[in-house]
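Q: Quick note, the sequences are listed as chains D and L, same order. The first sequence begins at 1 in my numbering and counts up one residue at a time. The second sequence begins at 1 in my numbering and counts up one residue at a time.
Below, a list of computed lysine-lysine pairs in the BS3-like style, where the Cα atoms sit at most 27 angstroms apart: (1) 81(D) to 338(L); (2) 49(D) to 140(D); (3) 167(L) to 81(D); (4) 128(D) to 113(D); (5) 167(L) to 49(D); (6) 103(D) to 49(D); (7) 81(L) to 49(D); (8) 167(L) to 140(D).
Simulated from the structure, these hints should not be mistaken for laboratory data.
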Amino acid sequence: MKIKKTIASGILFATVAVSVQAEIAVIVSRDNQNAKINQDAIARIFLAKSSSFPNDVDAVAVDMKKDSDEYGEFTDSFLDKTPNQLATYWSRLIFTGRARPNKEVSSATEMKKLIAKNSNMIGYIDVKDVDTSVRVVSKK
Amino acid sequence: MFKKLSASAVMFGLLGSASIANAVDEDLGIYGFLSVGATVLDNENENNDNGVTLDGFDDEAGNFKQDTVFGLQITKQINDKTSATGQLVSRGTSNYETESAWAFVSYAVNSETDVRMGRLRIPFFYYSEFLEVGYAYNWIRTPSDVYSIPFSSFDGLDITHRFSVGKMDGSIQANYGRFTETIDVFGSDYDADLQNILGVALTLNHGDFGLRLAAQQADITFDNMVDADVKLAYTDLIVATQTGDQAAIATAQAAVAVASEDVRGLDVALSAVDAYGAVTGNTNLSDEFDLDNKKANFYDAAFTYNNGNYGLVVEAIQIDYESGLLLDTQSYLVSGSKRFGDTTVHATYSTAKDELDSGVVGQGQELLQLEGEDISVILGARYDYAPGTAIKFEIENHDEKIHNAQDGNSAMLYSVAVDMIF
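Isolated chain D, as found in the complex (with noise of 0.2 angstroms):
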């Protein structure tokens, strides 16, 4: 199943060695007030279904750039869908003005420094680029 899942990536993304797939962190702001975040709360955020946290207060998906690893490894292990069926459930959702997509980044240190001075947001990293700058409420 995961094998079979990072060969799919491999051909979409060249980058992807076929090894081991990376552990994801979903991170947050050491300000914001959820301790933890379950993988449903998370997918709903990042599929714009919720524009909160679960504690009520307003939330702001940020992603990786579609063609790094992290974005592949985050979709398969949270979203459960590949980019090419995000890619289309985005287009029925922009298209038809119903939401814009999110907010992108293209490095895990642009990450960390936006999710750290921004409590409202929610982003990922490889595990092993955490830091104390920011605090982890998954990991997958």
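Please arrange chain L on chain D, whose structure you already have, making use of the hints.
A: This is chain L only, laid out in the frame that chain D set:
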């Protein structure tokens, strides 16, 4: 893929600082979609002038224009609660004339409720709101037996309220507005005025399952009219038919053909009904057939399932017209799909059947020979060869069981298309 102009400009610039990107970006989004395709129609009965016309394809030479659609959308966030969206669409079917498919201001009453005003899509069908974004579905184009309404936009407002109950997400959308435009029906143009377009759509999603129920109504007015010459020719034909004089029938039929030559289809039909009413003593019959403020009711139920590998869509439609000129129609489609990695194969069965009214209106409809029954089978594959780009192949068999109240023909349609979003 969905690049924000200023954002990317800043990010790839020398600074690359998120805080600066924040200040400029965010507010303006530019998105586009493009479909190109090639199609060959193969009619079963090659010597028949009345061969099948399918999705606008009517000859057997390769067609490269019909499926071409280009759309460009700009969304500007004005403040926290308000945004403006414009979507321009240019279609090969209308000679690449550009049209505003969407042009609206959206206001977020709260995080669950949006009000939109301007030019919007009438949410008739499950796929109505993204009908032209080929990338958003597996087919090259939505099945024409079901997706057969000749207009899709309206000017007015809608309100959408989202809710969730346990693990179920839902939304309810209500719309009200009007549509005035020249539209093409059976190959002729009519000035159409659809007033009091009023509808509601309920959508429920639970895990892999989805359900959508929708109803729309409108008061339809067309600029169609009785043509005196056509009416006279039909009067002769009806009288000749009643007397059974074969020579007179032949003469009258020829006269009808001549008189109808440059008259629009719905005008010919109305004139024929008017003649029939006059001859049979139902002088008000044409009032039942005109399109002067006549009600139309539309009902749609759709069920969807998609677990990421297997998908199913079932959609059923009932359309009732108050005017006898447009026949009530029932249609449905069943479509299944299976994904193999980046390739999705799909199969669809769709059918549409017209129904005659009862009584004298039904007799008039019978005279007009408008009745049709269609069955289509579509087999296709979609290959997502890069994020945002899909290549599609399709074979469609379209069988006109009944066409103009007579046995129809069948045809095969072979299509290939590329759909992109950017």
